[in-house]
Each structure stands twice: as C-alpha cells, then as structure tokens.
Amino acid sequence: MRARGLLIAILMLAALAPVAAAEQRASLVEIEKQVMCPVCGTLLQLAESPQAQREKAFIKRLIAAGKTEAQIKDALVVEYGNEVLALPPDSGFSLSAYVVPIVAFLIAALALGLGVWRWRRAGGPKDDGTPRAAGPSGEDAERLDADLARYDL
Amino acid sequence: MSARSFIVVLAVLAVVGLLVFGLASKGSSRLEEGDAAPTATLPLLDGGGSESLTDYRGRWVLVNFWASWCPPCRAETPALEEFQQRHGGPRFTVLGIDTQDLSDDAQAFVEKFGLSYPQLRDGNGDTADEYGTTGVPETFLVDPAGKVRLAVPGTVDEEYLREEVEPFLPNGKS
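Those protein sequences? They're chains A and B, same order as listed.
Last residue of the first sequence: 150 in our numbering, with the numbers rising by one and none dropped.
Last residue of the second sequence: 238 in our numbering, with the numbers rising by one and none dropped.
Everything labelled a hint here was simulated from the structure, so no lab data went into it.
Each statement offered as a hint is correct.
Simulated crosslink set (DSS-like; lysine-lysine; CA at most 25 Å straight-line):
1) A:Lys53 <-> B:Lys176
2) A:Lys64 <-> A:Lys53
3) A:Lys57 <-> B:Lys176
4) A:Lys30 <-> A:Lys64
5) A:Lys57 <-> A:Lys30
6) A:Lys30 <-> A:Lys53
Here chain A stands alone, though its shape is the one from the complex:
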C-alpha cells in the first residue's frame, strides 16, 4: 500500500515537472508583450527605437543567463521603474488600478438595480396629468392609409 502511494506521488511529480519548467522558461516574444518601451510609450513588442533595441538586447542577455520571466521583469523595474510594466503590479497603490473599476462597476450596478426596484415598486411611470398624444381618429386613419397607399411603388 505504501509502495503504491509512493509510486502515485512520483508519477504526479513527473507529470507536473514539465509544466513547472514551461512556466519558468522565459521568451523574448512573451516578455515584449508585457513590458513597455518607456521612451516610446508603447509596448516593447511594437517599438523599434534605439532605446527599445537596447531593452530587447538586455532581455535577451538575461534569457541567455537563464533568468525566469519574473526575474527579468524585476530587473527591468530596477532599471526603468514600475512604468516599464504594461500592467501595473497588483500590490500597494497600484492595486487600485484593478480594484477601482470593479468597485465602480458594483456601485453602478447597485445604483441601477436600486433605481429599477424603486421604479417598479412605484408602479411604473406615474400619470402626471399631462395629456398623452392620441392616435388619429378612424376617419383620419383611413385617409392616412389611402395617402400612404398612393406612394406604394
């Protein structure tokens, strides 16, 4: 029984190892999509300026040195600051970039829901005494239909 459990554990580890290795392997193409060219203000992927070329060379050097994607992004932040990341980090003040839109959406949804609930509770649109536009009388409707029929192609 113990041997069987051990075998299962080994098989699971063997199955997970390539996944972990794939997660850690860095690629220039993937990193270029996640970082900015600070001088151009665009994704590095789209930039060809001299500064972008140096940044790409820097990433290639770190990949060749066996650094992971996270380590390379950290190194870029050390060089250029947080602005180099296309997506702000999900910690500290930058977290507000993710939280504020969600909170704003929830507040808007809540306000909308509350408004609809109150409107339905009040029984729909109120009759404020304003005369509603009436349709044409029977005679007018017949004349209108006849007129329209004359324009039929």
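Dock chain B against chain A, hints included.
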C-alpha cells in the same frame, strides 16, 4: 440639499476633479530662465550613494540629460567633457543625468568617453519630466541660487558652450 442632489454634486465634482488631475499630470512644460530647478535626490550612476541638486548650491551647474542609446548625446559629450576640464572646480561643474537608460550601458558610455564630471541616474525619467524635457539630450544652466539661467533643447557644442555658457561663469578656473 437632498441626499440625492448631494450624491449628484459629489459625482460631478469627482469627474471634474479627475479631469483636472489628468490634465495637470499630463506633463509639465520645459523649465525657462528664472524657474527654480527641481531638486530631486537621485542615485549616483556608479551606485555609490545619491545626490540632489541642492548639494550643488553655491556653484554653477550645467545639468545635461543624456542616454547611452542617443546618437546626439554621443556627439555632444566630448565638448561637455572638454568644458568640464577647462572650467570644472569649486564654482562650476557639469552634472550628467542619465535618463531612461540601462545602467550597464550608461556606465560603459561614461568609461568610453572618459567622463570626469558627476553622473546621476534617472531610470524612470521622472526628473527629466520635472525639467519638462521632451527628449535627450537637453541641457540647463543652473545658477548658484538654484535658478535656471539657460535651457537648451537638443545638443550643445563647443561654440555654444564658449559663447553662451562661459560668459555666466566666474573668471578663471571656476
């Protein structure tokens, strides 16, 4: 004022506030003659501590924003070094600020040109923004009181330094 009106006014104020903040933070204009030079503290390029422009109060300082990837910076650097050799001293210095650049590339640049004047590092470009630069190179002459006396967008050369900067400096080796 009813609660509903208060919420509406608050929402409008929030939107207006965001718009104003967005416009205000969109970027400052280039510093001009008479403006106070920003005094942010920046790390030294060689990693040996940090400095602020306030550390240079009492001296004339020629602040030069540059980057190793910038060809015009390479073109003007020998003239700046030569100017520093002639005038650098207790009353004047060129001060390089390497901006939006890789520190190793910048160090190699300093060694290649044998630059003797102090170098600070502005990796994220915030200080360059404070000066209102729109690119590199840009150069500012700051007087001993910390006021900008000259602002030069683009390269400086030997002639410009001799004719425009030199007259401000005290006589002799500054």
